[in-house]
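*Asks:* If you want the building blocks of each chain, they are given just below.
Number of protein chains: 2
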Amino acid sequence: MNATYDGPRLALDFDALAHNWRTVCAAGMGQPVGAVVKNDAYGLGVAAVVPRLWALGCREFWVATLHEALAVRHSLRDAAAGAARILVLNGLAGTRPEDFAAQGLTPVLTGPHELAPLAGYAARTGARLPVAVHLDTGLTRLGFGAAQLPALQPQGALWRDAQVTHWVTHLGRFHDPEAPQCLLQRERFVEWTRQLPAALRSIATSSSVFAGPGWHFDHARVGSALWGVPASQRATPMLRPVASLHAPVLRVADVPAGTEVGYAGSYTTPGPRRIATVALGYGDGLPFSLVNRGYLVLAGRHVPIVGGVAMGMVAVDVSACAPGEVRPGMWAEVYGAQQSVQALAAAAGVAANVLLALSARLAPRSAAWQEEAPEVVA
Amino acid sequence: MNATYDGPRLALDFDALAHNWRTVCAAGMGQPVGAVVKNDAYGLGVAAVVPRLWALGCREFWVATLHEALAVRHSLRDAAAGAARILVLNGLAGTRPEDFAAQGLTPVLTGPHELAPLAGYAARTGARLPVAVHLDTGLTRLGFGAAQLPALQPQGALWRDAQVTHWVTHLGRFHDPEAPQCLLQRERFVEWTRQLPAALRSIATSSSVFAGPGWHFDHARVGSALWGVPASQRATPMLRPVASLHAPVLRVADVPAGTEVGYAGSYTTPGPRRIATVALGYGDGLPFSLVNRGYLVLAGRHVPIVGGVAMGMVAVDVSACAPGEVRPGMWAEVYGAQQSVQALAAAAGVAANVLLALSARLAPRSAAWQEEAPEVVA
Numbered sequence: 001m002n003a004t005y006d007g008p009r010l011a012l013d014f015d016a017l018a019h020n021w022r023t024v025c026a027a028g029m030g031q032p033v034g035a036v037v038k039n040d041a042y043g044l045g046v047a048a049v050v051p052r053l054w055a056l057g058c059r060e061f062w063v064a065t066l067h068e069a070l071a072v073r074h075s076l077r078d079a080a081a082g083a084a085r086i087l088v089l090n091g092l093a094g095t096r097p098e099d100f101a102a103q104g105l106t107p108v109l110t111g112p113h114e115l116a117p118l119a120g121y122a123a124r125t126g127a128r129l130p131v132a133v134h135l136d137t138g139l140t141r142l143g144f145g146a147a148q149l150p151a152l153q154p155q156g157a158l159w160r161d162a163q164v165t166h167w168v169t170h171l172g173r174f175h176d177p178e179a180p181q182c183l184l185q186r187e188r189f190v191e192w193t194r195q196l197p198a199a200l201r202s203i204a205t206s207s208s209v210f211a212g213p214g215w216h217f218d219h220a221r222v223g224s225a226l227w228g229v230p231a232s233q234r235a236t237p238m239l240r241p242v243a244s245l246h247a248p249v250l251r252v253a254d255v256p257a258g259t260e261v262g263y264a265g266s267y268t269t270p271g272p273r274r275i276a277t278v279a280l281g282y283g284d285g286l287p288f289s290l291v292n293r294g295y296l297v298l299a300g301r302h303v304p305i306v307g308g309v310a311m312g313m314v315a316v317d318v319s320a321c322a323p324g325e326v327r328p329g330m331w332a333e334v335y336g337a338q339q340s341v342q343a344l345a346a347a348a349g350v351a352a353n354v355l356l357a358l359s360a361r362l363a364p365r366s367a368a369w370q371e372e373a374p375e376v377v378a
Numbered sequence: 001m002n003a004t005y006d007g008p009r010l011a012l013d014f015d016a017l018a019h020n021w022r023t024v025c026a027a028g029m030g031q032p033v034g035a036v037v038k039n040d041a042y043g044l045g046v047a048a049v050v051p052r053l054w055a056l057g058c059r060e061f062w063v064a065t066l067h068e069a070l071a072v073r074h075s076l077r078d079a080a081a082g083a084a085r086i087l088v089l090n091g092l093a094g095t096r097p098e099d100f101a102a103q104g105l106t107p108v109l110t111g112p113h114e115l116a117p118l119a120g121y122a123a124r125t126g127a128r129l130p131v132a133v134h135l136d137t138g139l140t141r142l143g144f145g146a147a148q149l150p151a152l153q154p155q156g157a158l159w160r161d162a163q164v165t166h167w168v169t170h171l172g173r174f175h176d177p178e179a180p181q182c183l184l185q186r187e188r189f190v191e192w193t194r195q196l197p198a199a200l201r202s203i204a205t206s207s208s209v210f211a212g213p214g215w216h217f218d219h220a221r222v223g224s225a226l227w228g229v230p231a232s233q234r235a236t237p238m239l240r241p242v243a244s245l246h247a248p249v250l251r252v253a254d255v256p257a258g259t260e261v262g263y264a265g266s267y268t269t270p271g272p273r274r275i276a277t278v279a280l281g282y283g284d285g286l287p288f289s290l291v292n293r294g295y296l297v298l299a300g301r302h303v304p305i306v307g308g309v310a311m312g313m314v315a316v317d318v319s320a321c322a323p324g325e326v327r328p329g330m331w332a333e334v335y336g337a338q339q340s341v342q343a344l345a346a347a348a349g350v351a352a353n354v355l356l357a358l359s360a361r362l363a364p365r366s367a368a369w370q371e372e373a374p375e376v377v378a
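Heads up: the sequence lines are chains A and B, in that order. Following full-length UniProt numbering from start to finish, the first sequence increments by one per residue and tops out at 378. Following full-length UniProt numbering from start to finish, the second sequence increments by one per residue and tops out at 378.
In short, the hints are calculated from the structure, not lab data. Please read these numbers as outputs of a predicted model, since none were measured by experiment. Treat each hint with caution, since some may be false.
What the hints assert, rightly or not - Not everything, but these chain A residues come out facing chain B in the computed CB check (under 7 angstroms): (1) P51; (2) N90; (3) R173; (4) P180; (5) A279; (6) G324; (7) P328; (8) A357.
Virtual Cβ for every residue (Gly too), placed ideally from N, Cα, C.
Construct the entire structure; sequences and hints are all you get.
*Replies:* Right, here's the structure in full:
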């Protein structure tokens, strides 16, 4: 009895996740490591990833939104859910501090406009909410800038109304910590936090955690590296890819020269060709830019994408394969052991995380699929 | 009390959906119209859209996968669920015909390799499964080609083992039905189906349903037009956009000349600028190609995207707005009344449906948001 082969399937290698977690912790040389699991764990699925990170010893999770924070809590059972620290990078963002307190969540304050809600909360409850504070040292995205540092001083409203757990900043050239702009950001971070009360200083991420003790400070928060996606231009320690994506062949056709393949005549066969239609499209996160560019892997061969990317289908030229070698029901590797996510992303002109992030919608059905454990033919 | 404003929100205009449904039905001049709701109703959310289409009189739904078909059934209650006809464009694709029969689903056969499972089913059960049959008249994607037509003749295995409800084909230049290639596809469709037993002939889609009676045949299956996304190069009847997307401002900062905004120095301010950080990124479906390209709409103004697109954030230059006019918690229109999804898609170099399709992951939380009905400030 066959398994259904009507759409792409994401698979996760949890041994690789454990390996990467240990690699990152070793690089961090003992400082606490938090896992960044925003965007449904970069598309890998919070429900699958977070309990395993917990089992590996991870006690701190970083997300972007309240919705994501609740999904992290929900993924952990009982005692674990209560003991996990969850930080929300987009800050309070209009949510009542009471709701953060009730759920045990820590907002990462995004700027001075978030101080008034904390004052209201302290006045209403007499309690000081634990918060982290984002410092904008050069990315121009979130946080308090140099002119706003007085608001963070111990005599100010922040410390009256809240308790700061982390000072947080983020690098504009996160992939290249030795860039002069990164060194300047680090210098500002050191100088600014020296003037402020003590809290965990969090600057190291997936690349800088590997850049030596000068980057470690008190804390690292790591996403990409945990999934085995190198975020660095420098030599990256051996990380192993966690995610692989396969998509099934729906049909194979031998067509004569001059046949249009796909929409709008974006490809016309220059000679007789064998074309496989694969159930994978832009709705599954395959970049629309892969018109006659890039490869999938079928029967051990890199087979070129021909024509454009439709919502749920793409064509590959499998003429190099023997007749009958590629059949409906075979699984093409989109990325995995034979083609890295970085290689496909480069062909598409996007960052590797774009491919991962957009697989989020595949995660739930893929989880069920993994439990069924069908045979992957390829 | 504020509503949370930490991520993008999709809103649906069901009056527009009703208007578009009636417009399509009028264009079809009486032939049955099926709704194409693959990819979670093109990202709008099956749970929200399908029951409303049912209430408008739609009785036939087209999806790509078994998983999607079950979601359509689940979205309808009781009698409605049983009475809806659901066609699955990716065919049996390895699923046992018994499972299609049990769920009342009709596979659209993708090629001769799908005949053997039907024979097995007929032998096991004595029943003939209702099926549709895809004919490949020129798209080179799915279906039986000219050489495979004998397998569809009344004396063959298909009719012994199954009952054909629809002959289906799809245009390679669906947006331009008057193209010679489309006329050739139609000619083949007419010629091929004339040799075959009668079943509903389905060729008209969102563009060709408006191209006059020569395209209507017995049936139309329509997706894009229902959502108000014109799929045609020809004059499109007045369709109204169903989906709009808004994303909140997280922070506003005034920065001096020479400030880098976003990753890797992709933008440096040429003078003093006011920069708003918006919670919307490639993980939400915003195309990665929008580096220093395209606009969002804030405070009634088209404000340019500066820097690149991160996983969950993008920056816009709001220097044209008065000081204090743009504040955290305001909602930027990504597409909607002031900027069409087509305009943003054009700036990104993608099809409009790419933007819609990738909003699929936003649909569930947006549905809850719509029930809360917060005030959208913009």
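*Asks:* Are the hints correct? Go through all of them and say.
*Replies:* Structure-based check of each hint:
Restraint check, P51(A) versus chain B: the minimum CB separation of about 21 angstroms is more than 7 angstroms; hint violated. Here the hint on N90(A) is kept, as its CB sits about 4 angstroms from the closest CB of chain B, short of 7 angstroms. For R173(A), the interface hint holds, since its Cβ comes within 7 angstroms of a Cβ in chain B; the closest pair sits about 6 angstroms apart. Interface hint status for P180(A): violated, as the beta-carbon distance to the closest one in chain B is roughly 11 angstroms, over 7 angstroms.
Of the supplied interface hints, the one on A279(A) holds, with its beta-carbon coming within about 6 angstroms of a beta-carbon of chain B, less than 7 angstroms. At a threshold of 7 angstroms, the smallest CB-CB gap from G324(A) to chain B is about 11 angstroms, leaving the interface hint violated. Taken as an interface hint, P328(A) checks out: its beta carbon lies about 5 angstroms from the nearest beta carbon of chain B, inside 7 angstroms. Interface hint at A357(A): satisfied, since its Cβ lies 4 angstroms from the closest Cβ of chain B, which is below the 7 angstroms cut-off.
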